[in-house]
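Engineer: Residue numbers (my numbering), protein chains in the order written: chain A, -3 to 201; chain B, 440 to 873.
Bear in mind the hints are in silico, worked out from the structure with no lab data behind them. All clues stand as given, with none of them false.
Part of the chain A face toward chain B, derived, beta carbon under 8 Å: (1) Pro24; (2) His27; (3) Phe61; (4) Phe65; (5) Asp124; (6) Ala126; (7) Gln130; (8) His133; (9) Arg134; (10) Leu166; (11) Arg171; (12) Ser172; (13) Ala177; (14) Glu181; (15) Arg196.
On the chain A side, residues computed to face chain B include the following (Cβ under 7 Å): (16) Arg19; (17) Ser20; (18) Met22; (19) Thr58; (20) Tyr62; (21) Ala82; (22) Asp122; (23) Ala189.
Bear in mind that the values here come from a model prediction, so they are computed numbers and not experimental data. Even glycine gets a Cβ: it sits at the ideal position worked out from N, Cα and C.
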Amino acid sequence: MSHFRSDIRQRAEELVALYPRTRSAMLPLLHLAQEQDGYVSDEGIAEVAELTGTTPAEVRGTASFYDMFHLEPVGKYVVGVCTNIACLLAGGEEFLEHASQKLGCAVGSMSEDGLFTLEETECLADCDRAPVVQVNHRYMRTTTTDAFDAMVDDLRSGKLDHDVPPHGTLIRVRRSGGLRASRQEVADQRIAAKAARESRIEETK
Amino acid sequence: MASLDAPRIVSSRRDYQDSFTLARYLETGGYVALRKALTMFPEAVASEVDAASLLGRGGAGFPAGRKWSMLRKSPISYLVVNGDESEPATFKDHYLVERDPHQLVEGVIIASYALQVNQAFIYLRGEFALGLERVQQAVNDAYAHGALGSKIFGSDFSLDIVVHPGAGAYICGEETALIEALEGKRGFPRIKPPFFPAVTGLYGEPTVVNNVETMSNLPWIVNNGGAAFAALGAGRSTGTRLFALAGRVKNPGVYEIEMVKNTFRDLIYDPKLGGGIIDDKQIKAFIPGGVSAPWFGPELLDLPLGQDEVAGEGSMLGSGSIVVMDETSCVVRATWRITKFFSRESCGQCTPCREGSGWIERAMYRLEHGGGRMEDLDLLLDLCDNIAPGLTWPPQQTTICVLGPSIPSSVHAAIKMFRDDFVAHVEHGGCPHE
Ligand SMILES: Cc1cc2nc3c(=O)[nH]c(=O)nc-3n(C[C@H](O)[C@H](O)[C@H](O)COP(=O)(O)O)c2cc1C
Ligand code: SF4
Ligand code: FES
Chain A
-3 MSHFRSDIRQ RAEELVALYP RTRSAMLPLL HLAQEQDGYV SDEGIAEVAE
47 LTGTTPAEVR GTASFYDMFH LEPVGKYVVG VCTNIACLLA GGEEFLEHAS
97 QKLGCAVGSM SEDGLFTLEE TECLADCDRA PVVQVNHRYM RTTTTDAFDA
147 MVDDLRSGKL DHDVPPHGTL IRVRRSGGLR ASRQEVADQR IAAKAARESR
197 IEETK
Chain B
440 MASLDAPRIV SSRRDYQDSF TLARYLETGG YVALRKALTM FPEAVASEVD
490 AASLLGRGGA GFPAGRKWSM LRKSPISYLV VNGDESEPAT FKDHYLVERD
540 PHQLVEGVII ASYALQVNQA FIYLRGEFAL GLERVQQAVN DAYAHGALGS
590 KIFGSDFSLD IVVHPGAGAY ICGEETALIE ALEGKRGFPR IKPPFFPAVT
640 GLYGEPTVVN NVETMSNLPW IVNNGGAAFA ALGAGRSTGT RLFALAGRVK
690 NPGVYEIEMV KNTFRDLIYD PKLGGGIIDD KQIKAFIPGG VSAPWFGPEL
740 LDLPLGQDEV AGEGSMLGSG SIVVMDETSC VVRATWRITK FFSRESCGQC
790 TPCREGSGWI ERAMYRLEHG GGRMEDLDLL LDLCDNIAPG LTWPPQQTTI
840 CVLGPSIPSS VHAAIKMFRD DFVAHVEHGG CPHE
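Chain B on its own, in the form it takes in the complex (with noise of 0.2 Å):
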């Protein structure tokens, strides 16, 4: 049974048709958090993220603390805040940005405030057309409550947010891609080292670029204090997060569970939860944290839903959207998709991934819609590995960002999982499903 008494943190206003309205907000705590953070030290507000140990929620799951400690030395001079959620199936950071964008601005205030920063970024991706409407309203709210612009609540520091619109490409989520649209250029990711943008970030100035999830936890840290954040789930996974569940499973959502405490079988069949496969139809394979990352079986459904847990059977919980394909869903064409999606997004930057991208969607296709041939599975490997050398998980970085090596991920996966579902498509020269 899955464990669901860990409190709502980021989601509890979801019960409220008008959770995203100021006068809600007010009414629910909103901006409390805030005022307790201005009567103590700005150091003192980063050490109780610290103490959370809070992951970022963008994929990269990096400790947000750690990230701001890095930057003692150097001050930072922007924070950025990452909501171009494009990641195939990741559909959380909407949730949050539509229906509780004051969260998400109070997060961002609270942060700016830790770093000192006095220029803030909320960039969203440019298909959120709604979720643009309200977190401007409710920046426009913030600055007409005095919880935004100069002396904030009377204290001595001020803020600007610009909330900033995307303009439809994926890879504009990589952080230094996101900062090159930012700075109005085309979204190529930047050459690392250096490896942060903490140390050259927005305008060649320390910036610090965090998730929409990871900035929405802040409210509830600073007034329950970071202790009572990493009571929850266990391990390096703690607090709870929203998982996206999504594919053939009967109630497809986002969901706020606790980490670690619950399985992949829980969040798929409590009826609470997803409340199992359409159909009652066997499950045949999930992804477990958006497309980038490789497949896993049902053998694993029993597995927690810790970033080690996943990492230590060779994936990535990354941006916590779950896949659940059943035994009426043809693996291969659903690893041609995305493949497809890879080989459209790629920036074109570096080599194996504008060249194998389209390679790998070629023969996928033909394998899917006829004309597939048998050598086409070790093409399709040897492309992998030229990719990713040696196809483990984290992937080798062969390439500016890790865009080109997740490609690899779904088509290893599948080939290894269900090479006879492939055999079938090459004898039945196409797909057999249809």
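Extracted from the complex, chain A is given alone in its bound form (with noise of 0.2 Å):
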């Protein structure tokens, strides 16, 4: 019996099919999981582990390495804040002590009601908009308190359900069509170019 709903299953398994190991897809099948779960769950791990051919030892030593994957529930939304040097400059620290209090809860921690989980993160790459806040990894751009204020309360009222998606990052990351390379035609046609090049260089001399 699959933990995976079927249309998570269903991509999982269309991951694994991408790599040329299957292993390679552990990072985005453990973001599948905690997409169904809201974290990375005992079941989560143990389907993880199947679909890649590994060991739940291995899934969960992988995914502790990792600060995106949660093994304990989290809030609906995660709020980050970064204080990284762009964000430190410009009031981050003092920007995430207001986001604890408006919250409700302490850094690192989730409120009451289960709804927000509050992280101080490093440098999210957006150091232009400082002090950067993420809500469930997507970019929120309020750099003023009133503004994060206001935000938490849309998230409260469900207003912003369609910008902050619940958790997993590749919820409306889907391939479709193209070539899977096998690893066989990987190495024919490395040994195929080798030949070409080698004639080539023949050629010119």
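Assembling the complex is the task here: the two chains are given apart, and the hints tell you how they should meet.
Structural biologist: Right, here's the structure in full:
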């Protein structure tokens, strides 16, 4: 029995098929597991292990290396506030403090209603809009505390559901069409390319 | 005055709202370069890139043409594009993947053709949710348009591109760590030698890793010729470059300007660029190439934006991100935050990096938040010297990758340039700015 919903399972199998080696699908599959459960659950880990030909221990050990994977439940909205250098110079630390008060949760924890988890992040590569805020990895561009408060109210009332889908960076990323080069194809073409190159070098001599 | 006559090479579509769509891309010359490249021999395409003297835009500044030609003897299996962009204050690749994904995809196809690889990967940092959507859409569109897949535009060349999401780890920008992540493992940098993935890369096979901006230059180079690219800039720093300007400036943002013909002062102060310092304050210091780079003071504002020029003054242009601090900025706090970043992001394989970064961060924390001691200044310099003996730039390598030896950059520079500020923190028992 698959723990993944059938649509997620199908996307997972499509992803595995893209790579020359199945284990390479590890990170995208963990994103999918998180999309379904809101975090990387034990059941999700078991399914990723099955799909990648690894063990649950290997999946967990890999997932724990990466900041984006939550091994425990998190709020519906994960709010990240950057305090790295450019954001720091724009008052990022004070901003994070404000966010903590507005959301009613300490940095690194979840609000009581389960709606928000607040995180202090490293640079999010949007430094000209400092201090930078992401919600479920969508840039919100609320650089003033007033704008931040308004955004939180909109999140609560569901007004931003279109802009901020639930967890899962890949929720709107879907590959369509194309060739999936098999390992054999890559290897064959490589040999052919080498031969063609050598004969061209011969010709120009 | 800034020199702004150079063509826009990678940001030519910046004024279009729909710059990321296939329709706009085709209307503005998209995929013409690919058609042209496919009529040339692969080696001839690579020669144009060699002639352009295009330096890698990911940080190390290695010439792309040279990287490719090292492979002539052993053909390459895979091309991997580095879009992990996590160096603090660097945000130029973010601009490229969201605003011009087709240009990136076309560049990747051209590079794949020149290298004769049939499988390419575009690795994007996981936090780029929109960037992932846009690049995947561009890849889908390219397949539908015949620019990707089997027998591209009717030629004999076939290529598959997989868009791969990262998951939040700065170290995965280091090319061998990125390959580990792409193999589905923890992002631990690999032990060198071999120094280049071109020898042993993805799945143990020869692999070329290039940055997003490096790839995005290729359509223009094929259309206009390597010589036209090399005619811009000067010395080894040819062409234009995207500079990400952040910190205490009026107009932070991504600016494409000609290399060497402009100085840091032009970038920071020109009304069409940075526009000067917020509230017209005095500049205190700036970081010339990402937080791994040693800092500069205002006396170096007239230095040209060129790779060798900046290296000559003991720092690096690195990832092309410039952070400006002014008289209101606390350099001790800035340094503490940077060391906190390194301490969090060290992958932990090497003792000097793992232990050194934590130790430095704790000492910096006390200085900034109270409890700092005068001896801490010597302690900090000593710790820095242990990580990168001699505190030279480029640093001595004591670790598997250069994250470790980059930790001392800001600490050493800040203590050297602003010792009085550190002393004031000790005497005040914390940050006097608060
Ligand atoms: C700690 C560390 C982080 C790095 N991060 C990035 C990055 O985010 N993006 C990037 O293109 N290169 C990064 N690099 C440089 C890459 O290792 C590699 O040199 C580069 O991707 C090669 O592409 P280029 O030759 O086109 O510049 C990083 C290097 C180190 C040591
Ligand atoms: S220098 Fe630091 S980040 Fe690099 S491999 Fe060693 S411990 Fe990891
Ligand atoms: S420093 Fe905050 S987004 Fe870059």
